[in-house]
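Given chain A's structure and the hints, the job is docking chain B onto it.
Protein chains in written order, with the numbering used here: chain A, 1 to 364; chain B, 1 to 364.
Hints listed in this document are in silico derivations from the structure and should not be mistaken for laboratory results.
Just so you know, not all the hints are guaranteed correct.
If several chains are the same, the list does not tell them apart, and a pair holds so long as it fits within one copy or across any two.
[Said to hold, decoys possible] List time: in silico BS3-like cross-link candidates among lysine-lysine, alpha-carbon distance up to 27 Å:
#	residue 1	residue 2
1	K179	K76
2	K179	K50
3	K12	K311
4	K273	K137
5	K197	K262
6	K311	K360
7	K262	K76
8	K50	K360
9	K273	K67
10	K50	K197
11	K76	K137
12	K12	K25
13	K179	K67
14	K25	K50
The primary structure of each chain is shown beneath.
Protein chains: 2
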Amino acid sequence: MAEIFPSRRVRKTPFSAGVEAAGVKGYTVYNHMLLPTVFESVEFDAAHLKQHVQVWDVSCERQVSIKGPDALRLMKLISPRDMDRMADDQCYYVPAVDQNGGMLNDPVSIKLATDHYWLSLADGDLLQFALGIAISKGFDVDIVEPDVSPLGVQGPKADDLMARVFGDAVRDIRFFRYKRLAFQGQEFVVARSGWSKQGGFEIYVEGTENGMPLWDALFDAGQDLNVRAGCPNQVERVESGLLSYGSDMRRENTPIECGLGKFCNSPENYIGKSALEAQLRDGPDRMIRAVAIEGETGMCSDVWPMFADGKQVGQVASAIWSPEFQTTVAIGMVDRTHWDAGTVTEVETSNGMRRATVQKSFWR
Amino acid sequence: MAEIFPSRRVRKTPFSAGVEAAGVKGYTVYNHMLLPTVFESVEFDAAHLKQHVQVWDVSCERQVSIKGPDALRLMKLISPRDMDRMADDQCYYVPAVDQNGGMLNDPVSIKLATDHYWLSLADGDLLQFALGIAISKGFDVDIVEPDVSPLGVQGPKADDLMARVFGDAVRDIRFFRYKRLAFQGQEFVVARSGWSKQGGFEIYVEGTENGMPLWDALFDAGQDLNVRAGCPNQVERVESGLLSYGSDMRRENTPIECGLGKFCNSPENYIGKSALEAQLRDGPDRMIRAVAIEGETGMCSDVWPMFADGKQVGQVASAIWSPEFQTTVAIGMVDRTHWDAGTVTEVETSNGMRRATVQKSFWR
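The shape of chain A in the complex, shown without the other chains (with noise of 0.2 Å):
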């Protein structure tokens, strides 16, 4: 592949000094703005996240800022899930979805105030979702995008690592939970959450101008528990069963084909209840499977489509190997007749047709 080119328009980050310091050699582009994806290799960088403790720039997961007397009215109408089970510390996965249940987005929100709410998006606009129904309905509201980046940190050691920045209670912080904790004069929300299943935080760091102090001071904090900069990482979220919004899901998809059935149980009225609803009832016609490639396949950067007799039963839109599990790991869009743990398809990946294998669950 060619390099990135740089402008405005695909913005750096408060930390991007620190992320190229530290070697960064590949990025992506995530909410017009700079991911990295990949620092040492993807193998070393998975194996040192599963030991150790790293520090993501994952300012790319923007915050939709909703605030104002509408603000839980709209979050009423945007969000398949309860939004009055909330606790007021609470980070809540909110597949978004468009009025036939297509998804647009599967942000977290999170409850700052009963009228202040931030939606950390995946890759796509939802402020503009949210904004076209505030304007038309006429809610009093302000809706924007705040100087807000997330930095996340994630790895076995990431409770020593952060409580030895922000004080031991951080250890407190249940999962998807946050706290509102100190760092030199400023308060930033500590959230116990990340796109990884090795544990660890996010922390939302308002203010540019805070982003390098915060890097340096965990990679001061940090040189004994051999702190690195890290990423999202193919590996470990697949081997994790990591849905990624644009991969694996898109408007073509509902909830309930992705897994995320539980959370659609609002009692409100918002926007695609009643298809997913029927969904909900008829059962999806396909839905997420973890599933196994046999051999290395390099890794899915579009469409894998997967067969079984012939006949397309399925794709796959990520996969990777997977060192730990000496298969390559996959996540598949699979129809109801091969969707059993067991069912034996093929997959026509880029090195060829393999032979690929249904999986009970994902890795972890």
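Okay, now just chain B, sitting in the frame of chain A:
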């Protein structure tokens, strides 16, 4: 900069095989899709574009298809421009804004039928804005991203090349008008438009499978015209004053600040109308200006502040050395106090503070 990392989320295009065979050296990402940025060098590409003809993969100008009985009602809410004056074969530049007049995108709208429009997007998911409005208003429209990928043919020899592939009818297409023209049993919208001032066309290629046959046909037909693969060129577009949404203008800007006030003439009650009419009446506090910066500064990949008497009076978001005009050409957003032609300021570039003079107009 590091390499770009491919995934399904950062899509290849119907023309990617041709682009890669032509030796693309740089990419950016635009609407979740790869956009080439350089082939030989930006300077070489610019000089060639001004003399010959280039084929541009601008698939990333994704279309929002708005179709149905309420399509025009929706367009009239989104467009500051008078949709009733739009001819049946017209392409309409539409600076879409929020309720405060802040720009959300600046698509080209194409009228395919009285109940069917495409919006050919700048970088940003305006589809979600249109969808949020349509759902909230209960409009009877389908809003989708169709399998349509624009291919640009730009340069002084564009008419000759296009006539060889589509027939002499292309010569009669007026500026920002289109015809439906046949190619190998397909029919494509062919418009006289494109993101250069060297003249040319955009072919709205429907069907991914039709991409490479058309690409190949253009190269076969254009050998003696010295046809090359090209892309929107930073030198030529800054010289020409073609604004980039996300760089030169954003949601914090109004169309009037961007010199697009003449497109804000709709008699309908469109979104943002009162804010834009107030600014049209009172005049904006800052506006886009051509700025000549002394010497070579390197390419502007962020924002450079502009100063006079120690105070910030504007900023530059696009700048690059122009071999033709022997100056660094730049696009600035300049305060009213300093926007008159001939005003001398200083711009803080990557290469230090430089003398910068506001120009009467862009270089072409």
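Against the earlier hints, flag every one the structure doesn't satisfy and list their numbers going up. Violated: none.
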